[in-house]
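Engineer: Letter by letter, the chains look like this.
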Amino acid sequence: MENEFIKQRFHVTRRHFLGKMSLGLGSVALGSLLIPDLFKSGADEGAMLAGLPHFAPKAKRIIYLFQNGAPSQLESFDYKPLLNKMAGQDLPASIRMGQRLTGMTSGQASFPLVGSHFSFKQYGQSGAWVSEIFPNMAKIVDDVCFIKTMHTEAINHDPALTFMQSGAQQGNRPSMGAWLSYGLGSENKNLPAFCVLLSRGRGNGQGVYSKLWTNGFLDSIHQGVQFSSSEERVLYLKDPQGRDRNGTRKMLDNLAELNAMNYQEFGDPETQTRIQQYEMAYRMQTAVPELSDLTQEPDHIIKMYGADCLVPGTYASNCLLARKLSESGVRFVQLYHQGWDQHGNMVGEMPLQAEDVDRSTAALVMDLKQRGLLDETLVIWGGEFGRTNYCQGKLSKENYGRDHHPRAYTIWMAGGGVKPGLVYGETDEFGYNIVRDPVHVNDFHATVLHLMGLNHEQLTYKHLGRRYRLTDVAGKVVSGILA
Amino acid sequence: MERLQRIILNIIFCIQVLLIFLLFFEDQIQLPAWLQVAGRMHPLVLHIPIGMMIFLVALLLMEKWLDQAVAPVIISFGLILTSLSASVTALFGFFLSLQGDYGADALTRHKVSGVLLSFLCYFVVLLYQQKKRQAIFFGAGLVCFVTLVVAGHTGAVLTHGENFVLAPMTRGEKPVLTVETASVYHFAVEPILEKKCFSCHNESKAKGGLIMTTVEKFKAGGKEGTAFTEGHPEASRMIKAFYLPLSDDKHMPPDGKPQLSSLEITTLKAWIKAGADFDKKLAEYKASDSLTFITTAFASSTTPDQENQVLYTFPGLSDDKVAKLNTPFRSVFPLYQNSPALQADFFVKKAFEVKAVEELKAAANQLVVVNLSRMPVTDKEIPLLATFKNLEQLNLNFTAITGSTLGELKALKNLKLLSLSGTAIKAKDLDPVLDAPALHTVYLWNTPVTDAEIEAFQKEHPKITFIKDSFHDNTILRLSKPSLENEGVVKRSDKVKLKHTMPGVTIRYTRDGTNPDSVNSTEFKEPFLATETFVIKARACKATWHCSDVYESTVFVEGIHPVKMKFFNEPDPQYPGEGVTSLMDHRKGVSDVLKEPSWVAYRDKPFAAGFWFDKEFPKSMVFSYARNLGAYSFPPTDVEVWAGKDEKDAKLIQRIKIEQPKGYDANKVAALTIPLSPHSYAFYKIVAHPVAKLPAWHDGKGDKGWVFFDEVFFY
Numbered sequence: 001m002e003n004e005f006i007k008q009r010f011h012v013t014r015r016h017f018l019g020k021m022s023l024g025l026g027s028v029a030l031g032s033l034l035i036p037d038l039f040k041s042g043a044d045e046g047a048m049l050a051g052l053p054h055f056a057p058k059a060k061r062i063i064y065l066f067q068n069g070a071p072s073q074l075e076s077f078d079y080k081p082l083l084n085k086m087a088g089q090d091l092p093a094s095i096r097m098g099q100r101l102t103g104m105t106s107g108q109a110s111f112p113l114v115g116s117h118f119s120f121k122q123y124g125q126s127g128a129w130v131s132e133i134f135p136n137m138a139k140i141v142d143d144v145c146f147i148k149t150m151h152t153e154a155i156n157h158d159p160a161l162t163f164m165q166s167g168a169q170q171g172n173r174p175s176m177g178a179w180l181s182y183g184l185g186s187e188n189k190n191l192p193a194f195c196v197l198l199s200r201g202r203g204n205g206q207g208v209y210s211k212l213w214t215n216g217f218l219d220s221i222h223q224g225v226q227f228s229s230s231e232e233r234v235l236y237l238k239d240p241q242g243r244d245r246n247g248t249r250k251m252l253d254n255l256a257e258l259n260a261m262n263y264q265e266f267g268d269p270e271t272q273t274r275i276q277q278y279e280m281a282y283r284m285q286t287a288v289p290e291l292s293d294l295t296q297e298p299d300h301i302i303k304m305y306g307a308d309c310l311v312p313g314t315y316a317s318n319c320l321l322a323r324k325l326s327e328s329g330v331r332f333v334q335l336y337h338q339g340w341d342q343h344g345n346m347v348g349e350m351p352l353q354a355e356d357v358d359r360s361t362a363a364l365v366m367d368l369k370q371r372g373l374l375d376e377t378l379v380i381w382g383g384e385f386g387r388t389n390y391c392q393g394k395l396s397k398e399n400y401g402r403d404h405h406p407r408a409y410t411i412w413m414a415g416g417g418v419k420p421g422l423v424y425g426e427t428d429e430f431g432y433n434i435v436r437d438p439v440h441v442n443d444f445h446a447t448v449l450h451l452m453g454l455n456h457e458q459l460t461y462k463h464l465g466r467r468y469r470l471t472d473v474a475g476k477v478v479s480g481i482l483a
Numbered sequence: 001m002e003r004l005q006r007i008i009l010n011i012i013f014c015i016q017v018l019l020i021f022l023l024f025f026e027d028q029i030q031l032p033a034w035l036q037v038a039g040r041m042h043p044l045v046l047h048i049p050i051g052m053m054i055f056l057v058a059l060l061l062m063e064k065w066l067d068q069a070v071a072p073v074i075i076s077f078g079l080i081l082t083s084l085s086a087s088v089t090a091l092f093g094f095f096l097s098l099q100g101d102y103g104a105d106a107l108t109r110h111k112v113s114g115v116l117l118s119f120l121c122y123f124v125v126l127l128y129q130q131k132k133r134q135a136i137f138f139g140a141g142l143v144c145f146v147t148l149v150v151a152g153h154t155g156a157v158l159t160h161g162e163n164f165v166l167a168p169m170t171r172g173e174k175p176v177l178t179v180e181t182a183s184v185y186h187f188a189v190e191p192i193l194e195k196k197c198f199s200c201h202n203e204s205k206a207k208g209g210l211i212m213t214t215v216e217k218f219k220a221g222g223k224e225g226t227a228f229t230e231g232h233p234e235a236s237r238m239i240k241a242f243y244l245p246l247s248d249d250k251h252m253p254p255d256g257k258p259q260l261s262s263l264e265i266t267t268l269k270a271w272i273k274a275g276a277d278f279d280k281k282l283a284e285y286k287a288s289d290s291l292t293f294i295t296t297a298f299a300s301s302t303t304p305d306q307e308n309q310v311l312y313t314f315p316g317l318s319d320d321k322v323a324k325l326n327t328p329f330r331s332v333f334p335l336y337q338n339s340p341a342l343q344a345d346f347f348v349k350k351a352f353e354v355k356a357v358e359e360l361k362a363a364a365n366q367l368v369v370v371n372l373s374r375m376p377v378t379d380k381e382i383p384l385l386a387t388f389k390n391l392e393q394l395n396l397n398f399t400a401i402t403g404s405t406l407g408e409l410k411a412l413k414n415l416k417l418l419s420l421s422g423t424a425i426k427a428k429d430l431d432p433v434l435d436a437p438a439l440h441t442v443y444l445w446n447t448p449v450t451d452a453e454i455e456a457f458q459k460e461h462p463k464i465t466f467i468k469d470s471f472h473d474n475t476i477l478r479l480s481k482p483s484l485e486n487e488g489v490v491k492r493s494d495k496v497k498l499k500h501t502m503p504g505v506t507i508r509y510t511r512d513g514t515n516p517d518s519v520n521s522t523e524f525k526e527p528f529l530a531t532e533t534f535v536i537k538a539r540a541c542k543a544t545w546h547c548s549d550v551y552e553s554t555v556f557v558e559g560i561h562p563v564k565m566k567f568f569n570e571p572d573p574q575y576p577g578e579g580v581t582s583l584m585d586h587r588k589g590v591s592d593v594l595k596e597p598s599w600v601a602y603r604d605k606p607f608a609a610g611f612w613f614d615k616e617f618p619k620s621m622v623f624s625y626a627r628n629l630g631a632y633s634f635p636p637t638d639v640e641v642w643a644g645k646d647e648k649d650a651k652l653i654q655r656i657k658i659e660q661p662k663g664y665d666a667n668k669v670a671a672l673t674i675p676l677s678p679h680s681y682a683f684y685k686i687v688a689h690p691v692a693k694l695p696a697w698h699d700g701k702g703d704k705g706w707v708f709f710d711e712v713f714f715y
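Read top to bottom, the protein sequences are chains S and R. Per UniProt numbering: the first sequence ends with 483, consecutive numbering throughout. Per UniProt numbering: the second sequence ends with 715, consecutive numbering throughout.
Worth flagging that the hints you see were computed from the coordinates, not collected in a lab. For glycine and all other residues, C-beta sits at the position ideal for the given N, C-alpha and C. Every clue listed holds true.
Partner residues are not named here, just some residues of chain R that face chain S (Cβ under 7 Å, in silico):
hint	residue
1	S331
2	L335
3	F347
4	K350
5	N397
6	Y443
7	S480
Construct the entire structure; sequences and hints are all you get.
Structural biologist: Structure (structure tokens):
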């Protein structure tokens, strides 16, 4: 097998080459250059990096509050009074500039502009504009850095979401959390480095799939661990009835021996991963109950996050759990909150969605702050793209909808080395195009990695003959938002 | 000897071939670890050819005075060894170059000169072997020596940087410029000129007579005139030169040199437009001036990665020792790659031991961050922590300390952040720590320290930020709804239980369909038995909270089991369920997911099934049906009840009209109660008709509707 492999790599030249050389040294050296595995034993050295940042990190952990379905920037943070003035008029072609449409509005005869149904006010010293449906987030604007000029390449949910999470629109690359786990390792060996929490709002929802927290081609130890929405947050963690912890220990030891034998024989690195994961699960048996017990939280914390934080599976309880996980050293806590896809009924659904996330999101930022954790924890809030400034479907006095808009949308970050109280970038008066400081998804990734102490160009993994990065071949650190 | 020489010559030839290969294909190569080691030997072996060559030059110069029989042999052998070492050095150099980041240009120069040297040496050896010892040999030898100097120099530039040797004589202190103190010219304009123009327009080169490195000469201009016209960028010679086509001789910087970016051109234009002043500072320009914008943007962008990096000068701990300090419950790791500074984190309260803190003594000088948050640390451990002299951040949130020994921490000269949230510390114990010279933030949220005490501290220590409570909100919030603990069908022996996730709430409920109020409705105290299906409505209340919204659910209670069941009409083939037993298997469906075996459905034919009883005879029945109007699943329009001794005897005893929805409503699994007969009949046949024509308000008006049943109950 190996001979065939070498032959195939060398073609005829190998014979020729060796024939010419009375000594084999050159060819051996060359051989090992072309086939790096020739003299290598054990796992690929590239599979795990030393768990070290490249330089001193500003943020040690991330909590990513993903608002799945794309919340409208025009009803939340990007205030565009012109749209109210011009309501009902058609979007000028000079602004649209040939932007493609989704299948949902491509048949629409006109694109009537529509302004926000909700009023805006400026808050804090930064004077950031916030819509009335986010009264609590309005209180934290001076801790937050708004990026109004995010833009993406995808126009539909799945590719956009996948792009935002993995740097590619096709779902075969490792997700952000997996890259960070690979680059930085786990801080707390009793918990996974990458945890995923799901919740569902009351608006029109879009699915989330496990490919969003996949390890891709990285070792599967870096895959996100999905927590359950039920009262038992990690399923199957309890010892089965009739077996105590010693029994489990014994079982695991014996199993590890069997697995080690299997590894000796086949050398599949996934076997090693499996052994490690069993060990992790064993340690999680002590660590998780301590964490997921939310009833021990004092009353004023419950009041901060709202009553829902005690109801498993809600966004509020996920925020509280995210704080606890992050406090316990989990590198990357990823939340997904569904229900932000307001193609119609913006007026009805948007306030419900906002109500579900507003209070607990603000509480999370404040809670981290009062514990002294906000400086080292990066909190990110945002969706996968923006929404159009024109109405989808019927525009009436009472209601309207908005389609997908990839050219400009707003997200915000707080803590972890980001300039607080900043509004970065600017969109035009129509809220359609970016006029200043665009931030591409790749730039966003580069910046997040930078904040975590990683150079996005150096965090690579060789797969299928080339080196991959989260930012692939693009991305620039957005230095304007760094504290 | 002859044979050995031939072998070595062969090796040298092989290496030359390999070098050529590497020169062209290095991109394709991934280096195995052992060759990386060889590569790192490059700085060692490179000294061999240098020494050998100097030795040979000396030998050749002295040849006249040496023994004529021995000298040629020594020289010949020396040449071969020089060539071999030069080739090996070049090869190792390649391996090294694949491992690190070196400046591309400098690296290329070194690589080419190194490979050239290797070839030249081999060439000289061949010349000497063929006894061509005249001018050509000495000429080649001389070239070889010059190449050695070049290769050596370019290599030194790579490792030590430009102008390493002479730097001590030429170094001038270059002050760090800030936008507040430096003039806009020096801060934002000069760096551009320095990067793109100075290399040709300086005192020693002065192309076109223009010298830009000093202000006076830059103002004076070159042979053709001034470089810029104050206030008029469009008339300025240098700006025009930027915009000429690249092919034009007068385009600046010339083709092939690094060009100005559009931002750089904009900056220069703005500076000229604003008067091309060399001394004015940013504050002296108008805020609306475009130069102000550009300079401000520039100022905020000049903070590269490494600049903010704190440098720690104390010696680090060996990797082994750091590894030893790591356990599943204690992580100790450097702050960043190769940093001597360490951070220690503790996890899992249950697994905490005091010993684990004591063991940190091994890293007493290296620990900069210690995080003991939530661990049962007591006052006894504080003095130990106070001996970690480089400690900058200490997190004691939610630990068991009371503060009696906290004063010891003031010995920590570098302590910047102290987190004490959630501890029992008191103001008087905190007071001494505040004298720690570097302290700038103290977290006191959720401690007995009062706002007044903090205010007093703040006056005394204006530099320290105290964080007490960051979330002020007195709005009264709504509780979440209570819920039922029972799932699916409640057995007759099971008790119905309401629950709430918040401790200390009062739950009040009704069973008659009315909305419960927070005063008079029955309080839920303990689980109760139920004999028939009912709708429960409940709400939770608690002091300092608004009562929750009303929770509503239908509690389906197990009833009398018929001895036999039979469909008279089979369900629609799309939704067959698991036959007639589906109706009594106690498996509840969900109103949004209809295509699954809990459900049986009818559309073209009415539901019709027979039920036989012998000991217990029912007086009423309940259909559990899916109310999902969007999916055409409606309640039946009428239900026929046939009763008798058996199937043949059965007569229609009543026909009941069912109230139909007036518009869309929320999807749910609902109960439909049908009264049977007060008499004890042994057989009932029930027929339920689906909607024949959907109403006008429905999207599918005029179409046939469906009925979906998952269970029936008899009481």
